[in-house]
Amino acid sequence: MKLPAGRFLKALPALLVLLVVGLGTTDGGWVKQMKRGDRLFRRPARTLRVERLALRRGPRYAADRVLVRFKPAVADAYAEGLLRSYGFSSVRKIPRIGVYSVRTSPGVSVAETLAMLRRNADIEQARPDYRARLADTPNDTFFVQYQYSLRNRGVVLDIRDDIQPQTTAGADIKATPAWDAAKGDPETVIAILDSGVDMTHPELAAKVVSAGRDFANDDDDATDDNWHGTHVAGIAAADTDNSEGIAGVAWNCKILPVKVTEADGTGFYSWIIDGIIWAADQGADVINLSLGGDFDDPFLEDACKYAFERGVVLVASAGNDAGSVLYPAAYDSYVLAVAATDYNDEPTDFSNFGPQVDVAAPGVYILGPAPQWFVGEASLPYLFVSGTSQAAPHVSGLAALIKSLKPELEPAEVMKIIRYTADDVNASVDRGRDDHIGYGRINMERALAPYILK
Amino acid sequence: MRKRSGRARRFVPLGIALVLAAAHAPAAESKVQKFMAGLNFDHFSKTVVWDGDTGSSRLRASLVSARTDFGFGKGLTLSLSVGLSLTDFEGLVFGTLPITLEYDASPMKGLVLGAELEALLLKSGDFEIKTAGRFVSSLGMSKTWPLEGFAVEGEAKGRSNWMEASAGPRLAYLLSDAFVPYIEVNARWLRADFRMDETLGDLQGHEKRLAKGDFSFSVALGGDARVSDRLTIKAKAGFIPYAGGVDALASVGLLYVF
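Going line by line, the protein sequences match chains G and C. Number 300 in my numbering belongs to position 120 of the first sequence; there are no gaps in the numbering. Number 70 in my numbering belongs to position 62 of the second sequence; there are no gaps in the numbering.
Be aware that one or more of the hints could be misleading.
[As the list claims (entries may be wrong)] In silico EDC-like links for lysine to aspartate or glutamate, alpha-carbon gap of 16 Å or less:
{"id": "1", "chain 1": "G", "residue 1": "Lys634", "chain 2": "C", "residue 2": "Glu163"}
{"id": "2", "chain 1": "G", "residue 1": "Lys586", "chain 2": "G", "residue 2": "Glu367"}
{"id": "3", "chain 1": "C", "residue 1": "Lys165", "chain 2": "C", "residue 2": "Asp205"}
{"id": "4", "chain 1": "G", "residue 1": "Lys586", "chain 2": "C", "residue 2": "Glu215"}
{"id": "5", "chain 1": "G", "residue 1": "Lys634", "chain 2": "C", "residue 2": "Asp96"}
{"id": "6", "chain 1": "G", "residue 1": "Lys634", "chain 2": "C", "residue 2": "Asp61"}
{"id": "7", "chain 1": "G", "residue 1": "Lys586", "chain 2": "C", "residue 2": "Asp112"}
{"id": "8", "chain 1": "C", "residue 1": "Lys216", "chain 2": "C", "residue 2": "Glu110"}
{"id": "9", "chain 1": "G", "residue 1": "Lys634", "chain 2": "C", "residue 2": "Glu110"}
{"id": "10", "chain 1": "G", "residue 1": "Lys485", "chain 2": "G", "residue 2": "Asp512"}
The hints are simulated quantities; they were obtained by calculation from the structure and are not laboratory data.
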């Protein structure tokens with residue numbers, strides 16, 4: 181086609197109209213770990229069989245189907261005839277509740293179909309056929325029966341013949357719905373600064389990234405010679421959905437063992453300082469410190485600051501003396517201080533308190549892995565333990581999941597998310613942030629699952 | 009570089025259509041021979057893949073606009089429109105905000121501006137072939153949602169914009185003076201963005217979702233019906249096929265001829 185230049189130029193104004201309209205050591209102090217243990221004797225434990233879930237986020241409802249209920253006075257024959265008159269290709273009645281499942285006409289959306297049906301005076305309700313999903317529950321043997329902290333169904337905790345507390349349904353950290361949003365990235369590493377980790381334990385063997393570092397003995401083997409670190413590591417990130425033992429908070433995240441206490445569970449600040457700096461330099465994303473000392477120390481604080489400024493989220497237990505918050509938990513700017521609640525969402529009487537407490541997590545009768553040599557051959561390698569040491573790894577696990585999902589977030593942001601999404605479980609006594617449980621018991625679901633804008 | 013040239017290729021059909029339309033334009037100084045004004049309703053759904061997403065979601069827009077058509081003779085018509093849009097972004101997720109947000113709210117309101125240029129290419133017997141290019145832009149109004157259930161007060165504030173350009177040939181059958189049915193095939197390009205600001209106490213986040221839109225084609229059937237000497241109804245309905253399904257479009261307008 182020949183385009184006369186003159187005509188093109190003359191048409192330029194028309195085109196322009198179209199375009200314009202249209203467009204951081206000191207040896208000064210020592211730390212301690214709490215020991216409140218009950219062995220899990222070889223009692224019958226049911227093997228759970230839970231099928232893995234395949235459903236993931238997708239459309240909220242069927243794209244070609246709606247559910248309709250007529251008013252009680254409308255006869256079935258009339259109702260079915262009416263539905264067919266709309267041109268629905270398939271009409272199926274669910275007799276017991278008088279609801280029809282109808283397939284929408286081709287090319288007509290569910291919203292349009294619902295709008296059309298709702299205009300009919302004979303129709304009581306017309307609703308989308310919403311999609312449900314199975315809760316993402318791990319198949320670990322003890323998950324359902326003992327791990328109330330992750331999902332509390334209000335069962336009796338059958339720990340020992342003389343220890344059988346009744347739990348409250350829902351007094352948990354909402355782990356199962358949160359796992360639907362995040363199970364953790366294997367690249368996300370939680371450093372466990374503790375007594376070491378039993379790296380041969382079935383719950384942990386596949387989870388440790390290396391033999392770690394032992395600052396108590398100055399070598400490169402952070403094997404646990406106590407039991408505490410193994411227990412703490414398991415709570416945070418035990419091998420999960422492996423058909424045995426327990427579930428960890430951060431299913432897929434890895435563990436970096438850093439031994440900073442001796443076999444008696446005590447260690448010097450200098451070891452902790454070295455441990456924090458070493459873990460940060462190794463690229464840990466989260467550092468769990470289920471330990472603490474009574475003395476404020478600027479060098480310890482500097483170590484925390486060092487890690488914090490390198491993107492590490494530091495989580496520490498408040499302590500179990502019903503007194504002031506221990507250090508490093510009390511370094512408010514850099515460390516999340518964690519208090520303990522129980523199986524009824526009640527603050528515990530042993531948990532330290534003060535303005536530095538950020539959040540709480542379950543810390544009573546928490547089941548976790550323990551070295552076989554410690555519990556003896558007659559027992560399974562697990563322990564029920566109470567303490568803020570057990571509360572803190574719940575929070576570390578959550579921090580690791582947040583970092584897995586949103587690695588670009590700064591530690592301060594992760595800390596705020598954990599604080600602001602907590603459940604104020606003692607609101608009836610002390611509304612808002614308080615010195616006993618801080619902002620409240622952590623809520624993994626609120627921190628990880630999407631908030632629906634309505 | 010490669011990406012840019014690919015994008016440029018997508019604009020080629022649009023460019024050709026516009027140039028053809030312009031080439032057939034009469035002299036710019038032509039006086040308006042026909043003037044029509046009225047109301048138009050448009051609706052379309054478009055399956056889009058937002059940047060960073062692995063799956064698609066659907067954008068649905070309904071537009072109500074005041075429209076004026078300027079007929080310049082020789083089959084050249086320029087339409088300008090201004091109105092309101094309602095755009096649904098159901099299922100859109102803002103996953104990099106501190107608290108992930110998922111949109112399941114009522115449609116977002118916006119101001120819509122549009123222009124369409126239609127030109128006669130060929131007329132033979134009872135058939136004529138026209139080419140038409142259309143551009144519509146929706147400038148979204150901001151909306152605020154309170155974030156409830158948290159330890160501190162919070163809110164989310166969102167704003168969305170989108171624009172769509174389409175162009176292609178239209179084959180009309182000159183059935184009678186009163187009714188002219190037609191079929192049209194259009195190349196389409198859609199760009200949408202949604203900015204979301206989140207505030208939760210002293211925790212703040214900002215995320216911008218962007219959908220550059222896949223290049224797509226639509227097929228529509230329509231007709232211009234003259235119901236009286238002064239009133240004309242323009243309507244069309246069509247579909248936009250994509251791998252795995254079809255999207256829909258519909259338009260109806262009532263115009264008064266001055």
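Verification of the hints:
1. G:Lys634 with C:Glu163: holds, 12 Å
2. G:Lys586 with G:Glu367: holds, 12 Å
3. C:Lys165 with C:Asp205: holds, 5 Å
4. G:Lys586 with C:Glu215: holds, 13 Å
5. G:Lys634 with C:Asp96: Measuring from Cα to Cα gives roughly 12 Å; hence the hint holds.
6. G:Lys634 with C:Asp61: violated, 22 Å
7. G:Lys586 with C:Asp112: violated, 22 Å
8. C:Lys216 with C:Glu110: Distance of about 13 Å is within 16 Å: holds.
9. G:Lys634 with C:Glu110: Holds. Lys634 (chain G) to Glu110 (chain C) sits at ~9 Å (cutoff 16 Å).
10. G:Lys485 with G:Asp512: holds, 11 Å
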